[in-house]
Amino acid sequence: MSDAAFSPDATDLAILRLLAEDATRSAAEVGRALGMTQPATWRRIKRLTEAGVIAGRRIVVDEAALGFGVTVFLGIRLAAKGRASLEDFERAVTAIPEVQTVQHVLGQFDYRLRVRARDIADFERILRRRIMTLPGIGQVEANVMLSEERRPGPL
Amino acid sequence: MPDATDRRILRQLLLDPEIGNAELAERAGVTPASLWRRLDRMRETGVIRAVESRIDWRKLGYEVQVSLRFTLDKTEPRAFDNFVAAARKVPEVTEIQTFLGSVDLRLSVIARDMAHWQDLYRDSILTLPHVSDSDALMLVSTIKDVQELSL
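Going line by line, the protein sequences match chains A and B. For what it's worth, the numbering used here labels the leading residue of the first sequence as 1, then goes sequentially. For what it's worth, the numbering used here labels the leading residue of the second sequence as 1, then goes sequentially.
In short, the hints are calculated from the structure, not lab data. Ideal placement from N, C-alpha and C gives every residue a C-beta, glycine not left out. Just to be clear, a hint being listed does not mean it is correct.
Listed next, the in silico SDA-like pairs over lysine to any residue satisfying Cα-Cα at most 25 angstroms (straight line) [stated by the list, open to error]:
hint, chain 1, residue 1, chain 2, residue 2
1, B, Lys144, A, Gly52
2, B, Lys59, A, Thr24
3, B, Lys89, B, Ser134
Quick list of the computed label-pair ranges, beta carbon to beta carbon [to be verified]:
hint, chain 1, residue 1, chain 2, residue 2, range
4, B, Gln118, A, Ser26, 35 to 45 angstroms
5, A, Gln139, B, Pro32, 42 to 52 angstroms
6, B, Pro129, A, Thr49, 35 to 45 angstroms
7, B, Asp135, A, Ser147, 15 to 25 angstroms
8, B, Ala86, A, Arg128, 32 to 42 angstroms
9, B, Ala86, A, Thr24, 28 to 38 angstroms
Generate coordinates for the entire structure from the input sequences, incorporating the hints supplied.
Okay, here's the thing in structure tokens:
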């Protein structure tokens, strides 16, 4: 598949808006909301999925109700001296089950991580045993998440 | 409260969010009817808050993704509310998080290219209210992004 940008029209954007809110909406429901037939809507959804614009699903769960009350965002700067390879760091950090997101970034930090823990004590255990022992680790900044809001984006 | 079976279902679902219901029932060791009932109940009680389609913004031509971190001027009691209200009006903002730590707030912002980013930054980001300090982390690549929990 080519990486060229998909050019959505207003109808595509309206479909994306509805599915970004609720991916379980059927083609018939989406079509009804937009005044389109089920087959026409289905074809558009199929095209958006095949183009990779609809990249999958996100299940948003009440993590606190499941016993995961703490989310921490970490900024990590690798140590300048005796710098371990990026590959070693990345391999080790992605293997930590509590680390949900790893992004390589440019700026004050080299990596940003999203870590999920049961509570602050659990986070401290992860930080000390798993994060601080990563190859090449330098400076670490931790910010405990209080709230999160996902926006629809430019649809 | 979700029981052990609910947790088994959620563990499999978070591991593979695109899984079909028949496969999910099998992996979680429940009948399809029971799976349906349990998913329904978890959505009703809010254990499952939403099932959203994930959009790949790159495929829509948004090549730039920036993580912006802000410290706010806390002498202004409405700083958080005013800032968040203003950030919500910027369509290119895809995530807003608040924190306890050296950073107060974070925004995920997408742009088509560096020229678009510069315009956005000047017109929509620098104008956000009550900012005392900010820094930007430009995304190079996403190495891992999973939803799974060790339930």
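Tested hints:
Distance check on the hinted pair: Lys144 of chain B and Gly52 of chain A sit about 18 angstroms apart at the alpha-carbon level, within 25 angstroms; holds. Between Lys59 of chain B and Thr24 of chain A, the direct Cα distance comes to roughly 22 angstroms. Compliance with the 25 angstroms bound is thereby established for this hinted pair. For the given pair, Lys89 of chain B sits about 19 angstroms from Ser134 of chain B by alpha-carbon distance, which is consistent with the 25 angstroms threshold. At about 42 angstroms, the CB distance of Gln118 of chain B to Ser26 of chain A agrees with the hint of 35 to 45 angstroms.
At about 50 angstroms, the beta-carbon gap between Gln139 of chain A and Pro32 of chain B stays in the expected band of 42 to 52 angstroms. Taking the beta carbon of each, Pro129 of chain B and Thr49 of chain A are about 39 angstroms apart, inside 35 to 45 angstroms as hinted. Checking the proposed 15 to 25 angstroms range against Asp135 of chain B and Ser147 of chain A shows it holds: the Cβ atoms sit about 21 angstroms from each other. In this structure, Ala86 of chain B and Arg128 of chain A meet the distance hint of 32 to 42 angstroms, their C-beta atoms being roughly 38 angstroms apart.
Our hint of 28 to 38 angstroms for Ala86 of chain B and Thr24 of chain A holds, since their Cβ atoms are close to 32 angstroms apart.
The structure meets every hint from the earlier list without exception.
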